[in-house]
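Given the coordinates of chain A, work out where chain B should sit on it, guided by the hints.
Those protein sequence lines, which keep their order, are chains A and B. Just add 3 to the spot in the first sequence (first one is 1) and you have our numbering. Position 313 (the second sequence) corresponds to 296 in our numbering; numbering is contiguous.
Simulated from the structure, these hints should not be mistaken for lab results. Careful, some of the hints might be misleading.
Here's a subset of chain B near chain A, in silico, CB distances under 10 Å, partners left out [to be verified]:
#1 179
#2 203
#3 207
#4 210
#5 211
#6 218
#7 220
#8 221
Listed next, the in silico DSSO-like pairs over lysine-lysine satisfying Cα-Cα at most 27 Å (straight line) [stated by the list, open to error]:
#9 B:200 / A:321
#10 A:321 / A:362
#11 A:362 / A:341
#12 B:197 / A:321
Built from N, CA and C at the ideal position, the CB exists for glycine as well.
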Amino acid sequence: MTDSILSVERVSKSFGRHKVLDEVTFAVRAGSIHALVGENGAGKSTLMNIIGGALPPDAGTVSIEGRPVSFADPSEAIEAGISTVHQEFSLFPNRSVAQNIFGHREPADRFGFIRWRALRERAHEILSDMGVDLDPDALVGHLSVGARQLVEIAKALSLRARILILDEPTSALSDREAQRLFSLLGDLKSRGVGIVYISHRLGEVLQIADEISVLRDGRLAGRTTADASPADLVSLMVGRHIEDITPPRQTSPGREIFAAERVGRAGAFSDVSFRVREREILGFAGLVGSGRSEVARAIFGADGLEAGRVCLDGHALKIASPRQAISHGIGYLTEDRKTLGLFLPMPVRDNIVAASLWKLVSRMGWLRPRAIRAQSAAYVQRLDIRPADDQVETLNLSGGNQQKVLLAKWLSVEPRVLIVDEPTRGVDVAAKAGIHRHLRALADQGAAVILISSDLPEVLGLSDRIAVFRQGRLVTILDATTATQEDVMRYASA
Amino acid sequence: MSSQVPGDPATARVPAPISPAATTPVGRLAPFAAVGRWRALLRTREAALVLLILVVTSALALAEPRFLNASNLLSIGTGMVYELPVAAGMTLVLILGGIDLSVGAILGLTGVVTAMALRSGMAVPLAVLVGFATAGSAGALNGLLVARFGIAPFLVTLGTMSIARGGATVLTSGYFLSGLPASYIAIGRGQLLGIPYPILVVVGLLLVCDVLLKRWKPLHDAFYAGHNPAAAYLSGINVSRLVFGGYVASALFAGLAAVFMTSRLAMGYARFGDMAELRAIAAAVLGGASFSGGTGSILGSTLGVLLLALILNGFVLLRLSVYWQGVVSGLMLIVAVAVDAWRRRRNEAR
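Chain A extracted, bound-state conformation:
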């Protein structure tokens, strides 16, 4: 193709005996968005690393505008006009927006002193060109995740990128921020930039991509356009049809287990009331920053509750620490598994029992190794954690399996009330379906589940009722069987 700005032809790559990419071919036209989808481990990151110059291919060629290129390192790829925005940002939180955009390419005078005004002006130029209202002097550490993403993209643009690779750009964005990103991408498209867009979120892929390539087990499983259906994409990704992604909901919730009555915390949320019943999943929907996680942290005892009260089984309860919450049978699966959830350098077994160890000790506090081993093995099997060896350090597991370990840690507590915060963020379709099944199974056994999620189809599909939050208040509670995405968004944004 002559109009391809980037083309990858029959690229293969192996790590040891493991073939990660097998003769993958795809091309991106200038001024178009080419989405790359696939399960975790399908080879997307490896392909991205090869294009971005971080890895050499074993075989095959990468060409820019028809000319084959080979990069010794990422800086050569950047030189050639390829910029990558990684899932985990590479920004300096203690530096200003302008400094981050230019990195070490700050304009300097002939003595090496930085020309601050020029730096600020050029940063402002790039940002306003993007239609973004960001203060070049603001510290990146003070910005929201969405704004940081924009800084990353501004950085890529300052490098005059002709090819932009985005890896899971919306995984930490609110819906509004994601929409802003999409319109920016549309803008870049019209200027002739070729965009490679990697995402787990099929809805947004279908919304913005011109072409979609599906990778499965290192091979190109198929190529399609934006008029494909999500079900088609899923079956291409997993190689089989996943008929019903969300398990059937329970029709008869039992009696009320947990209630929050007019709870509040200054600056975070106020006057929030809700009840959850046995066998029920209550969804918490809302934009990022609407107070959902803050409510969860407060009722779990991680942050203080300043107003209102919580009741368990109809009795008012004072919860001053996570320790107390857990002893009452309340669990909280946190959203950021790396920093708040798991002990990554520790083996899987230690992670699985981390919150339930107090149940696996003698009266004097001595650990019971056999009970610990059995508990861990049971959950490895039940959640199909791979590898099925609980002595492996958790950091060696894939994202989806790490998330399963985190779920196992909380299921092991045998909670009566489990709050899960973005339980499937960044995990592949199959692992996601598995996590949904286990959450529903937990509810079916009589527990109450509170599901915080920014993934609307997930909240709608898995919840029985949906509490919608806006700016620290619970605005309404919808019946999930009749509510639509539009309903939720209307209440969430307004």
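Just chain B now, kept in the frame of chain A:
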């Protein structure tokens, strides 16, 4: 070494109860699990240290026959008695993700305070209690500032180090405090079945600490708290209480060393325990503790202390100046830390 051998810090530090058979994934696949278990044991940090200690011991014995004299061995043992409790406390603090630079100074201050109490005519048990109260309050100050106010432990303990050492010097004007009662001196010099009391006490203490850390939940939680304090807190672990307790224990252990040292040497002196923190950190890191927290063992640190003591003893036997002690300890610390950094980088690389 392949990347997942149990000699790895992460696996080696996993306490026995959770992984009595610290088998590798490879060991798992081996048809004879027991073989894998033995191999795993041989690849631990502790096994590597034992091997190193054997090598150093043989070299010393060959180079200088006097090394094996009972009196020399006993002098190594009595020298270690002051280092071991300090290293044990340091191990706990390092596991919790902190560091305690003040232990050497607390040792000095505790010795001075105890000696002053004794010289004022206080009964021996009471004077020892006063000493421990001094050490304990210094530790509580560290713990409070780190756990409650979240100040960096390096800075907090650097400050208390200066305060304690300075305070001890002010109290004594730099003089030795001798003339301690015989019943006090008997603590350090007395023997049971030919073994000095301090050795018995310290060995008992180390055993208890080792077992508690590995098998007793309230202390075992330290590994979780050290690896990821935020996640540990959200898993129901009282992280700040553990951290506070860690600094108090570390200071009390330094106080114990002070009692043994002042009673054996029959005097208090403000410079006792000089650079003890450095030797304790070196020993603990040699023994598998890491500055990133979550790893370390009492057994490993004990072996680290032994290795350091043997090397320093070699210097004495080979008639090199004892002033080399600081140089050697510093070198060992840097080597241990470099190995730690290398291990961590390799772990991150995969």
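Tested hints:
{"no.": "1", "hint": "179", "in the structure": "violated, 32 Å"}
{"no.": "2", "hint": "203", "in the structure": "holds, 6 Å"}
{"no.": "3", "hint": "207", "in the structure": "holds, 6 Å"}
{"no.": "4", "hint": "210", "in the structure": "holds, 4 Å"}
{"no.": "5", "hint": "211", "in the structure": "holds, 5 Å"}
{"no.": "6", "hint": "218", "in the structure": "holds, 4 Å"}
{"no.": "7", "hint": "220", "in the structure": "holds, 7 Å"}
{"no.": "8", "hint": "221", "in the structure": "holds, 6 Å"}
{"no.": "9", "hint": "B:200 / A:321", "in the structure": "holds, 25 Å"}
{"no.": "10", "hint": "A:321 / A:362", "in the structure": "holds, 22 Å"}
{"no.": "11", "hint": "A:362 / A:341", "in the structure": "holds, 25 Å"}
{"no.": "12", "hint": "B:197 / A:321", "in the structure": "violated, 33 Å"}
Comparing the model with each earlier hint shows violations of hints 1 and 12; every other hint is respected.
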